[in-house]
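Chains as they are written, first to last, in the numbering used here: chain A, 1 to 341; chain B, 1001 to 1348; chain C, 2001 to 2364; chain D, 3001 to 3318.
It is worth saying that the hints were derived from the structure and are not from the lab. Certain hints may be false.
[What the hints assert, rightly or not] Calculated cross-link-like contacts (lysine-lysine; reagent style DSSO-like; alpha-carbon spacing at most 27 Å):
#1 D:K3020 to A:K132
#2 A:K340 to B:K1036
#3 C:K2248 to C:K2170
[Claimed, not checked] Label pairs and their calculated CB-CB ranges:
#4 D:I3147 to C:P2334: 58 to 64 Å
#5 B:K1307 to C:K2243: 19 to 25 Å
#6 B:N1254 to A:R250: 57 to 63 Å
#7 A:I185 to D:I3037: 54 to 60 Å
#8 C:R2175 to B:N1319: 50 to 56 Å
[Unchecked claim] What the simulated footprint calls covered on chain A by chain D, stretch by stretch (three residues with Cβ under 8 Å from a Cβ of chain D suffice, anywhere in the stretch; the number is not a length):
#9 20-28
#10 139-153
#11 281-287
#12 302-313
Note that the Cβ used here is the ideal one computed from N, Cα and C, for glycine as well.
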Amino acid sequence: MKLYEYIIRRLILLVFVLLAVSVLIFYLTRGFERGFAPWAPYINEKMTAEQIEEVIKAHGFDRPLHEQYFYWFRDVFNGEWGLTGTWGLGLPANRVFFNRFPRTVELAVFATILTISIGIPLGIISAVKNNKLPDHISRIIALAGYSTPSYWFGFLLQLVFFYYFSLWGLPNLPSSGAPSIATRITGLPILDGLLTGNLGFVWNEFVHLILPSISLSFISLGFLARIVRASMLEVLRQDYITMARSKGLRERVVIYRHALKNALIPAVTLTGIFFASLLGGAMITEYVFSWPGVGQAALLAVGQGDSNFILLYSLVFATIIVLANLAVDVAYAFLDPRIKY
Amino acid sequence: MRSHVISTKNAVKTIDPLVVKNLKVWFPIKSGVIQKTIGHVKAVDGVSFSVKKNETLGVVGESGSGKTTLARAILRLVKPTAGEVRFDGINIPKANRQQMKTLRQKVQIIFQDPYASLDPRQTVSSLLREAMHIHGVVKSKSEATEKSLKLLRKVGLDEEHLYRFPHEFSGGQRQRIAVARALVANAEFLILDEPTSFLDVSVQASVLNLLKDLQKDLNLTYMFITHNLAVVHHMSNRVAVMYLGKIVELADKNTIYRNPKHPYTFQLMAAIPVPNPEAKKKEILLEGDVPSPINIPLGCRFHPRCKYAKEKCRKVEPNLVEKDGHFVACHSEIDFSAEMRTGESADG
Amino acid sequence: MSDKRNAKDTVLEIKNLKVNFHTYRGEVKALNGVDLKLCCKEVLALVGESGCGKSVTVQTLIGLLPENASVLEGEIILDGDNLINKTKEEMRILRTHDLAIVFQDPMTFLNPVLTIGTQLEEVVTMDKDLLVEAIAIEKPKQKLDFTDLIKMDDSATEPKNLKISRRETKRIAKRLCAAILSLVKLPDQERILKQYPFELSGGMRQRAMIAMALARRPSIFIADEITTALDVTIQAQILHLLKELRDKIDASTLMITHDLSVAAETADRIAVMYGGNVVEVASSVVLFRRPFHPYAQMLLKAIPNIENPTSRLEAIPGTVPEMIDPPPGCRFHPRCKYAMDACTKKRPRLKEVEKGHEVACYLY
Amino acid sequence: MQKDSEVRRGEWEARLADIKYMIHLFRKNPLVMTGTIISLFFIIVALLANFIVDPRLATTEGYTGGSYPFERKYMWSANHPIVWGPDIALHDGPEFFYLGTDGWGRDLLSMIILALPVDLYNAFIIVVVAALLGTTLGALAGYAGGIFDEAVLRITDVFFAFPGLVLALVFASMFGRSIETLQFAIILVWWPPYVRLMRGQVLSEKEKPYVEALKALGAGHLRVLFRHVMLNAIYPILVQATMDLGGVILTFSALMFLGFSPSKSLPELGNLAADGYNAIFSAPWVILFSGLTMLIISLAFNLVGDGLRDVLDPRLRR
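Pulled out of the complex, with its shape left as it was, chain A reads as follows (with noise of 0.2 Å):
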């Protein structure tokens, strides 16, 4: 199979994927008479019965489920994805969402750099010195890392560089919140700060970004650090890599040319899967940063039960994470000659 042929079934299936996940989400959040009524964030206290009668009307909020869903399915269709409550206003779900979203992908993009930098260093130390005072060593870390709560490693960088910093007198990294944008051009508050010329600003956000980063990174480079000393052991038991030394290659190039390309095959997944799910927002951490992205945004909108904004963000993750797992496919077939589609 072609390349081509291949990302277009993959895409054909996103279709479905978007389909059930919708259809899922729309029933969970409608179907049950729980959070707040869906009309709510589409009227206001100005307005009549008969006004009210009629927005209810126009939106088919009266009508069975099913016929709901293709009355939201028009609204999408419309550009609009409806008006989300959760802000107390009727705001379009979209505009929300995507103002909150360069937040996300900022917060993304630092935590993945940092889990990858230091994720498949420890992996590779680990799997070189299997069973040695280093792989002990950068095993616990790993491990610690994936069974720390995360939301309690928050509060304790929290609590640590935050409180006891400004307590002790020391400079301390701020604890949560984001500054407030100056400019937009491009959407990424980071980018446009650079465009502008604005380093202040670049350096407060920077700033901001440094706790969350380092909560979620630390939560994840375990999961990285594993796959990587896996793969890694795996490879340095192959054939060619005692091949590769009979050779008379140093080790140096045994492991970085021989054993590690092979032995990051694996770390791709991870590391595109690890992105795609933080572009969704890593919500309690987010939530316990106050980080303005969308996860922090889907929590609240969860807790008020606010239909058409989880819808919103449900089918841009599912979307995100099949295109991720695409890209991973195609990466694949880049890194290993022999995977043809």
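Got chain A; can you put chains B, C and D on it based on the hints?
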């Protein structure tokens, strides 16, 4: 032993236990958005032969010749694309459940890798017991144990081996266990798929001896598949040579080794290293690699590597033609007998 | 390397080599005093069944024993140096030049994600002498002949200017790789250099692997079961190639095989191993005509022979000894029909019974 | 001739020897041993929790009036011998809140001990149900192949494409706040990985010659799948399940922490942490110790799982 007799209009003829007619096993290659079939791997591509009662038919071929697929197709472990496989008159590809059950009891297979063909988490005792249980040949556990022991002794193992796991045995012993399991439900026909290719020479010798003894004792019929021409020569009565999914030559052992008619057979024979440094060396090299069974050459499938290829060979595929029990699929039957090293002339 | 070597000179000598492996179940006494001599420019076949210690011998020789192994005693003398005492780094440097090995299954021993070119080039570029000499003899628009370079290896003595630019290295390495591939009879070298191992057939992969070994212009060429994973017709091609290369490569060959027929076809001398010992060494003609050691005798009778068919093969009774708790004395004595009292007490050492025919057995 | 009982003993001994070898491998690794000891310790404490803890230390009774929980001071052990409200007299002699008290004025150590059975029990239930569901479906899909396999795969695709936590949260918030809802919500997001894992295992296992040998022997599909393939494929699942015990404890408590707890006073580690969060700067010990407990339990299970992976690695057994 029952004898299987069918009466035709004029004659009463004993049929061979295994008759294969024009068997084809094609694996589809799928591609594209809707995964449509764009081609086939023609692993077995029209094979016909029969195995006589109590004989050993050797099947030789290099990797990719389809010999293993042939074995699996006979046992219906893969679904044949076309053709018949008749065992005791029953067409295996179309056999019903009940017929299959008896077939599975009568026809058994021994695989190449004796370690991989035994469930690693079963002891010898339990795997033998299971084989008996499936076919209901024993009534009680103690009877099963008794029978297992008898068989283990028959294949050269002992009571002490009964409660061990496969990984505690050597390769030769594992293969003996596999043989014991195949025989535990009273099989009549064994397909031996490279049974000694994972074993050392001295172990191979003892396993081959065991197989010969068992054949004599239990009236077994063998189909012996291997790439080792010396082993097949030692074991077989008749030998079939496969190339790219087809039998190119089939004849009595001595005929085929002394008087091969197909250029491939001849060159294969010439390529065998001989355990004698003083033997006359023949530098007949078969050039090139075995082509893939996806793109089988037109005409005679051997012609791109054949020195004697003529125009006809490029266009028309030769049929397997019999002459005095010697089947050859070649347009130009060349007599290689003069060039063959034979048993008699070795020491002169 | 000494310049003048006689055909009878010993290039490599292994003396009383003992190697143990530490495992869960105990010490595996893999090598129990191996004695072996490799003469200049000869092909010596080391024959034995699995577990006899032939691969461990090779691993020790090239300094790539697994971590759980330890050399108890013995010497491996190459050019007057004892390899056992060398450091890891010294052994590595030795492997870049003097000791080249080719392994069994070319599919698993070639790195699947690197091209043949990359894997060959990294060998070529390690040897600065080779690059300099290649630049010296290359003629534009003419293919490099690698055999010329092999001849130069021992004769060139004057100090060389080892400074070559990176671009120059790349360029000459490319030409060298092509030259080596044509030495092993691989056609269309440019294309093959760009291909990945999985794109080649088994025979071509094996040739590529041989090329990687020859590129080092080794003085000792070790062929570890190189035809085992191949089909008969391909095996014949590779053995034929080896015969052709014999005179060109200027190396002594140590051929490891379990297949006596392959040894018979290629080797000048054959050493038979059993249970961690070399039990018999003789020229291949003599060994096949009149083997002395009971094990060698039985082994020869265990192979089915087309030329000399028997209705029954002679199997060796008993099983291969447990190397954790091997039988005392001669390790073959529990399976030997001639076993005497002495055999159970002390291990027989190799001794010359006829000229050039050594055997480790108390019968002689 | 042997009797049936003797047959069974022979089998049994063979399997015992196999297990002994595994234990040997297990013991060689100090990290794994530590993990095993710690997890066993926690399990034992959890089982005996109700006997260990003095109920008086774990009640909210001493807490009088005011709105939860800031009326009653969080207390730190070193300087605060137990003085339990005006009307409650405890044991003779001084006792200390070794880990301080929580927002309800309860002894934190006692609360953590009481939380152990809740968390461990939930983790076990969730993992067992998710693993059983996932492996059965995965095994059937992998073995049967064809349309059934395709259907199962597509369903797991959908679940993989979901933001897991959101699904669980939506589910939990829609069906009301009870432990059962939470369990169900977590199972909902936790079974698909088992499907994939088991399916992959079965796919590779069913290609092995021993399966073919069994078929040639006439063994039926059910026998091949359940008595052979699954038994050989189950080990990675065991590893995964062991490691998931830790993960599920974390997720479960995270849901509790995020406010999906059926009752704020329920002894549960996430609940305790949430309580501690309210006073993170004034009484950091509450969140510190409750989180640390989760970390240690989870780490212990992960260590065991990690070691199991090595021990059960078939390559070591050839």
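A quick look at each hint next to the structure:
1. Restraint check for D:K3020 and A:K132: satisfied, since their Cα atoms lie roughly 25 Å apart, inside the 27 Å limit.
2. Between the alpha carbons of A:K340 and B:K1036 the distance comes to roughly 16 Å, so the proposed pair stays at or under 27 Å and holds.
3. With a C-alpha separation of about 26 Å, the suggested pair C:K2248 and C:K2170 falls inside the 27 Å cut-off, and the hint holds.
4. With their beta carbons about 59 Å apart, D:I3147 and C:P2334 fall inside the hinted range of 58 to 64 Å.
5. Between B:K1307 and C:K2243 the beta carbons are some 21 Å apart, a value that agrees with the proposed interval 19 to 25 Å.
6. Evaluation of the 57 to 63 Å hint for B:N1254 and A:R250 yields a pass: the beta carbon distance comes to about 58 Å.
7. For A:I185 paired with D:I3037, a C-beta distance near 57 Å keeps the hint of 54 to 60 Å intact.
8. Checked against the hint of 50 to 56 Å, the C-beta distance between C:R2175 and B:N1319 comes to roughly 51 Å, which is consistent with it.
9. A stretch counts as covered by a chain when three or more of its residues have a beta carbon under 8 Å from one of that chain; for the stretch 20-28 of chain A and chain D the count is 5, and the coverage holds.
10. With 12 residues carrying a beta carbon less than 8 Å from a beta carbon of chain D, the stretch 139-153 of chain A meets the three-residue requirement, and the given coverage holds.
11. Given as covered by chain D, the stretch 281-287 of chain A passes the check, having 4 residues with a CB less than 8 Å from a CB of that chain where 3 are the minimum.
12. Coverage of the stretch 302-313 of chain A by chain D holds in this model, with 5 residues showing a Cβ closer than 8 Å to a Cβ of that chain against a need of three.
The structure shown violates none of the earlier numbered hints.
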